[in-house]
Every structure is written in structure tokens, then in C-alpha cells.
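S.K.: Sequence:
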Amino acid sequence: MILPQPESNLKTNLMVLGADIISIMGNFPFKNKYVIVDDIMNKFLNRDKDRTPDLFLYALTFLHTIGSIEKKGYKIKLVKKERQEENQTSLFDNVN
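Residue 106 is where the sequence shown ends in our numbering, and the numbering goes up by one at each step.
What the hints contain is simulated information worked out from the structure, not anything from laboratory work.
Any given hint could be a false lead.
Unchecked claim - Restricting the straight-line Cα-Cα distance to at most 30 Å, the calculated cross-link-like pairs of lysine-lysine (DSS-like) are:
| # | residue 1 | residue 2 |
| --- | --- | --- |
| 1 | K81 | K91 |
| 2 | K43 | K81 |
| 3 | K91 | K53 |
| 4 | K90 | K41 |
| 5 | K43 | K59 |
| 6 | K21 | K59 |
| 7 | K59 | K41 |
| 8 | K53 | K82 |
| 9 | K53 | K41 |
| 10 | K91 | K41 |
| 11 | K21 | K91 |
Required output: the full structure, derived from the provided sequences and hints.
M.R.: In C-alpha cells, the structure reads:
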């Protein structure tokens with residue numbers, strides 16, 4: 011599990027920035043369609059003066075690595091994951 015350092019600034023934490031990108035992409039006019047990366051980055055940078063294009067690209071790489079976004083040329087789209095319920099078998103369940 012990725013845990014932030016207690017002394018770190020949460021405003022520039024990779025997971026927090028990734029969550030903000032997901033929030034931006036989940037709202038109008040970006041919802042459910044491929045959008046140009048620069049449009050997302052401009053909205054991302056305008057939310058906080060401490061944000062840089064490097065932080066945006068790190069967070070975008072993180073989201074792509076965990077499968078939250080997909081790319082198509084210079085456009086990206088938020089991936090919807092279907093929730094799959096799987097029952098974990100117990101040591102005490104009778105498996106035949």
C-alpha cells in the first residue's frame with residue numbers, strides 16, 4: 011500500500027493529485043469521452059498555484075499505471091471499472 015510521509019504536503023501528494031484529475035475528468039464537459047490532455051492540465055493547474063505541469067504528468071502516469079485512464083493519441087478518457095463481487099473462500103469452507 012502506498013502511504014504518504016507524515017511530513018509531506020498533501021496538496022502535492024501524488025494520490026491527492028490523481029484523485030483531483032479523476033474529479034475533473036468525471037464532470038462536464040469531460041465526462042465519458044476522450045479529451046485533449048492540455049484541456050485537463052489547464053483546469054488542473056488553475057485549481058492551485060503550487061501545482062506544476064510536472065506534477066500533472068506524474069499524477070497522470072500514476073493513473074495510467076493503475077488502469078484508471080486510457081489514452082488514444084493525445085487524448086485520455088476515464089475508465090469505468092465494473093464492480094465484481096467475488097466471495098473469498100475461507101479456510102473453514104468445505105471446498106468439494
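S.K.: Look at each hint and say if it fits the structure.
M.R.: Against the structure, the hints come out as follows:
1. K81 to K91: holds (16 Å)
2. K43 to K81: This hinted pair holds, its Cα atoms lying about 11 Å apart.
3. K91 to K53: holds (24 Å)
4. K90 to K41: Holds - the C-alpha atoms of K41 and K90 are around 11 Å apart, at most 30 Å.
5. K43 to K59: holds (27 Å)
6. K21 to K59: Judged against 30 Å, a Cα distance of about 10 Å means the pair holds.
7. K59 to K41: Roughly 25 Å between the alpha carbons, so the hint for K59 and K41 holds.
8. K53 to K82: Within the cut-off at roughly 20 Å; holds.
9. K53 to K41: holds (14 Å)
10. K91 to K41: holds (14 Å)
11. K21 to K91: holds (26 Å)
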